[in-house]
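S.K.: Keeping their order, the protein sequence lines are chains A and B. Residue 2 is where the first sequence starts when you use the working numbering, and the numbers rise one by one after that. Residue 2 is where the second sequence starts when you use the working numbering, and the numbers rise one by one after that.
Rather than coming from a laboratory, the hints here were simulated on the basis of the structure. Hints are not guaranteed to be accurate.
Chain copies aren't distinguished; within one or between two, either way the pair holds.
For lysine-lysine, the following PhoX-like pairs were computed, each having C-alpha atoms within a straight-line distance of at most 25 Å [to be verified]: (1) Lys101 with Lys5; (2) Lys25 with Lys232; (3) Lys392 with Lys321.
Quick caveat, the model's predicted, so the values are computed rather than measured.
The chain contents come next:
Protein chains: 2
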Amino acid sequence: MEFKSYSSLSDAIISSKKFPYNPKKRTVDIMNSVGFYSCAEIHSPDDFPKYSKSAVDGFAIQSRNTISSTRTNPSYFKIIGESSPEKDFNGSVREGEAVKIYTGGKLPEGTDSVVMMEDTEIFSDEVKIFVPVRKFQNVSLRGEDIEKGYVLVRKGGRITPPHLVAFLEVGIKMIEIYDFRIGIISTGNEIVNGRVINSTQPFLREYLKWNGLEADCLGTVQDDENEIRKKIEQENHDIFIITGGTGPSDRDVLTNFLENNATKIFHGLKIRPARTTGLYIYNGRPIFIISGLPVAALIAAENIFLPIISHWTGIELSKKNYVEGRLSRSIVNTLGFRSFVRVRIDRNYDPPMIIPVRVTGSGVIYSIIDADGILEVDENSEGFQEGDTVKVELLRW
Amino acid sequence: MEFKSYSSLSDAIISSKKFPYNPKKRTVDIMNSVGFYSCAEIHSPDDFPKYSKSAVDGFAIQSRNTISSTRTNPSYFKIIGESSPEKDFNGSVREGEAVKIYTGGKLPEGTDSVVMMEDTEIFSDEVKIFVPVRKFQNVSLRGEDIEKGYVLVRKGGRITPPHLVAFLEVGIKMIEIYDFRIGIISTGNEIVNGRVINSTQPFLREYLKWNGLEADCLGTVQDDENEIRKKIEQENHDIFIITGGTGPSDRDVLTNFLENNATKIFHGLKIRPARTTGLYIYNGRPIFIISGLPVAALIAAENIFLPIISHWTGIELSKKNYVEGRLSRSIVNTLGFRSFVRVRIDRNYDPPMIIPVRVTGSGVIYSIIDADGILEVDENSEGFQEGDTVKVELLRW
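Just chain A, with the same shape it has in the complex (with noise of 0.2 Å):
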């Protein structure tokens, strides 16, 4: 049986941002944040450095003095102290005066350069500097690297670990990440009787991990309307993900229970595989469906339920990262669906081949350990020839 109409990915990406979807926020430690997604734009505090410091051991000095200086016409400056990453230098510092200065140690007042230990020679409480120094040589300035105000992350971008080095430099503590939890629920008398082995629900907890949601499965229900509904209302999660029963027959309780008690935004859509993908509203709750197998399940994720999600929350997925080469073997399309074609590339030659993976069942777990790499085929696009020039998206791991 089919479905009455199918809806093109596009359109139907296009229906589900009409749903007004505020997550929740909540606040956490800087330390336990790499990896989640920020819901600010988060701008630095301070200055960093926060002050003018010292990029080589040597002599801090003002540089005016040290114009002519050469190995023969030295310039020479008393030394009245030292600063260093572990005691700075109080007081300032005049005319023909230098402090000894080690990396990292803060600029002393007075002072607007450092020339380098080994461009000088020290005798008794002089030292001699040997080169002209320019203004602010070997100095790191103030705010040099971060200046106060500038945008350190994105809204929706995902804190990174150097994201980390510069919250804890400015002084940054605690940040607000998005609060949502995604539920996976699957269906099905022949998982919860144990015939059918549910790894579909493993996989996608361990994907949306993957990616930085955060999501739990919730265990197998019987194709039960009542049970569905028991299901979702016990658990509080902001979205779900309901695998299995989601074809247009009357055997789909799944899709009965959701044509008669949710708001469809799509469902059933013209791509392969992944054609019963659809999303529902429960209650103010957003529910995707998907297949029960699993790599519907990965096209779904990747291509409906990551982009739609951070259509609605702002999150940044990452960077989709592509790659050019030919086609080892003609892909053939039907007209009207848009295909994802799981494909091998082989980088020893230039340009490097792309292998279709060969896929002849439905469930076909094996193209998706092998491949690395999906090729989209367009709904208006018959396929590609051999030796045809295609590009390909790197899968993300």
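On the provided structure of chain A, position chain B as indicated by the hints.
M.R.: For chain B alone, kept in the frame of chain A given last:
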């Protein structure tokens, strides 16, 4: 002060390979295995599918009796039962008999193909078949997805979400992963007394975690050889990374401690940044050392620590991805040094514009937040000119 001599990056990596490092292993539940590295090649213990099954809703039959079937001249089969994912048909199917079958249902004994529901018509206990059916049509054959013996994960391969699906489907419940923990210690009085913020230590932990390695922050110790020794000996980590005091001068306590007590593999590299990076073996445990600056730590971790650990253990680091583009401004390199230049990539141009991030000081955290990739400039290169075509390695986040 300078090192007596500097090694090239490639020499350093070659010398580290001579150290025989055998990481421990531990067995984990597959549900907790995603993101880690397998220490053995994992073969499938079984076929998947475990039995041949239908890929559609329809009727399972012997195909040879349908060769001349057409809409006006259908072939007739007697319906003798039903097979679904929930319940097999137990019995053997003879010529002229059909079993109603649902997607995922086990193919009954005696049948070799499935005709789709829409190409049939049911009439009482008979079904008319309007099309010729090929052998194995609409059937997922036993083992067609994963054959017994297939390699599911290579030795050292990282476990990704799709592997979890395969493990579940073929009945793998536990796997062996590498079991080594990296301990990160920071030295420096300026960090102990709180004048300098220790952002490099948590950065390294998150960076290693991001790459699937287990690492702990072990705190900070004074610039004191005995304190450093005590710290290392009280921790039972397998590999250490110690930051700070890595230069060649007398004030570099960590260098002194290791020079006197450990076996040097290399120390001092012809690279920029991170030229004070080193590797020593202390009582059989590798100790990587690196300056306390986060940018140096990133470059050392990415280009030195991870490749060496990968060599020792066999873990497969994620493939590096590259982008080619044109340089927006020239870069000058010091001959003899390999430079790692942080760049942004503007994909609004074709080819993309590669924009070196302006770097003045030495901390320059913003350069790693703002960067999309790293452009390596070879020891033998004087740099690149504006407009040159260059290949940039994309950062892993």
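S.K.: Taking the numbered hints from earlier one at a time, note which ones the structure violates and give those numbers from smallest to largest.
M.R.: No numbers; nothing is violated.
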